[in-house]
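Engineer: Read off the chains here:
2 protein chains.
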Amino acid sequence: MIHKTKQVTIYDIAKTLNISAATVSRALTGNVDVKSDTREKILNAASAMGYSSNNFASNLRKKQSRMIGVIVPKLDSHFMAETLSGIEKSLNSAGYHMIISQSHESVAAEIKAAKAMLKNRVDGLLVSLCYDNNTTKHFDELISQGVPVVFYDRTLDKGEYDNVKIDNFKAAYDVTMHLINQGCNRILHITASQRRDVYADRLSGYKQALKDAKIAFNEEYILVTDLNPQYGIEAANYIMQMNNPPDAVFAVNDFFAVTCMKELQRMNVRVPEDIAFAGFNNDPIGTLVTPTITTVNYDGIKMGQLAARTLLNKLTEKISTKSNIVMAYELVIRDSSVKRI
Amino acid sequence: MIHKTKQVTIYDIAKTLNISAATVSRALTGNVDVKSDTREKILNAASAMGYSSNNFASNLRKKQSRMIGVIVPKLDSHFMAETLSGIEKSLNSAGYHMIISQSHESVAAEIKAAKAMLKNRVDGLLVSLCYDNNTTKHFDELISQGVPVVFYDRTLDKGEYDNVKIDNFKAAYDVTMHLINQGCNRILHITASQRRDVYADRLSGYKQALKDAKIAFNEEYILVTDLNPQYGIEAANYIMQMNNPPDAVFAVNDFFAVTCMKELQRMNVRVPEDIAFAGFNNDPIGTLVTPTITTVNYDGIKMGQLAARTLLNKLTEKISTKSNIVMAYELVIRDSSVKRI
DNA sequence: CTGTTAGCGCCTTCAG
DNA sequence: CTGAAGGCGCTAACAG
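The listed protein sequences correspond, in order, to chains D and G. Counting from 1, one number per residue, gives the positions in the first sequence under our numbering. Counting from 1, one number per residue, gives the positions in the second sequence under our numbering.
If several chains are the same, the list does not tell them apart, and a pair holds so long as it fits within one copy or across any two.
Computed list of lysine-lysine pairs in DSS-like fashion (alpha-carbon distance at most 30 angstroms, straight line): (1) Lys74 - Lys115; (2) Lys41 - Lys137; (3) Lys63 - Lys115; (4) Lys63 - Lys6; (5) Lys62 - Lys6; (6) Lys6 - Lys322; (7) Lys115 - Lys137; (8) Lys137 - Lys15; (9) Lys112 - Lys35; (10) Lys6 - Lys137; (11) Lys112 - Lys15; (12) Lys41 - Lys119; (13) Lys322 - Lys137.
Hints listed in this document are in silico derivations from the structure and should not be mistaken for laboratory results.
Generate the whole structure from the sequences, applying the supplied hints.
Structural biologist: Structure below.
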């Protein structure tokens, strides 16, 4: 076991300077009611003695941690990482820190993480829900204890929670309608768990666009993945053996769109001539493949910042109203979906 | 301000059950010296009353936080995100949590983050250094206070710190030699700050390979980027106006390799026929572009786990030896660099 | 402007 | 097996 040197406390400083610990505390926390030369003495002594305030003691006393918990399904996706980057930035500039847990798309882990966050007395919680989440008790508990929770991206749409998201219905509608306008009428949709609002909303938007264009909905053109990274390839194989293959593919994220497209190209399918492609999230890979991928762009960093700021506002707000923030998105049309050039 | 309900404490449980807080504490922490039916009563009451242990009080008392600080340059790169995912996984299964700060490649922010970590009394620190780091005082302070620090990927090569990394010299040597074996002898190297060991080591490996192949080193073939994402394009433009353009490009990461390659292809340069390409880090984009990119693969998740475990070991080790862990890597040869098929 | 005092909630001797 | 007591380091009244 490494020897932990005894930490310097305000009492040590007080003793050295022959003053009271209270004064030391006041000087250190920037209280104005301290004579400027005693303050200076204290600050000097503190830095000379290598003092570092103990946040546990301070937090225990003040009953606030200046820590925000963040629970995400996975850290290693481009979008999530951007999101976290935005969160960290906003929190940091407000003097907060973040403590992160991954749910690995498992409710059990999500529950465990929520409990740990409570123990650590986070001042608030930011959550993007796990894949197959079906219960929210663990968050209700936090909320009932007075710890505000803001959901972002993958949210809970019951109107009783704070959400930051985009209009997935409308975005998917736009994508689908764009494909229809390119002359496509057999549009295959690669989606994921309908328990997650983002995917359910996108499917609804897709269906609505078909309806408005008087194209019959066909169950055969719906593929549901569990977000396994290999799924793009499976989808390609599925498509190749269809009797009536699609003339367009709309995937819920760019990664599936790209991997599926690449696999089909390998099997000599021409994109967009034979099959047009569209994805979602504007992953950088979308601009680096040939053809470049049509997608829906929304800024992960901004969403993270927005979610963090929403939470921080709740921390200082007088009234606790539920906010449902809908961020802007933009349909980015690229080569993969433009049929008549 | 949201009203924070008064948290239930062990005293509340004790009062309800007419026993002492000490016994409650014992039962809750799993101490064996508690009659099994009083233990059961306590556990039931705790869950009925919605008790959640206050980590501040506990940490203050026990002088350990079960928190590990992580300071990284940026959260939103594929490799870093993988790394964090690995760290979180290892820490979590050992009952630790992680608190993350980004240095945004700035020493000032790195110093601030290190100080905050100290205040939060993290039990240990995991660091991947910022781009232009030139001082390490801030980490020495932590170490001298008994808080172990393990550096990973971007490390400090003075032999007095704990490091987890790959052999960048050898990996770059291998890449360069591979390009030479493909018949290239005008190999342009896109690198970054030589203050960072990873880039300096790779440049050395590159030079050594040239030397061993008796190819004269040419300063003109060295490009130094500040990691600005646009740099791949700038590099392409630089190459296009060279009198004696390279027949191969070796970039310190796949992103630069891909963006530079794509830009050159747009200007009708053939890859690999005119210019071969190789990158570093095995980013997924490397397999999705045409041609696929030759690269050096090393697993970010594994590196994260290894770094975390190294740190956890130091926390329990008797003797504090410095470890310098060198992870395996693998040269992944893909289409972008194979000249004679 | 400064000192005294009293906890924040938990854990850990030391006694029974 | 259980209780009493003290203290981790800090801050916030309350007095002067």
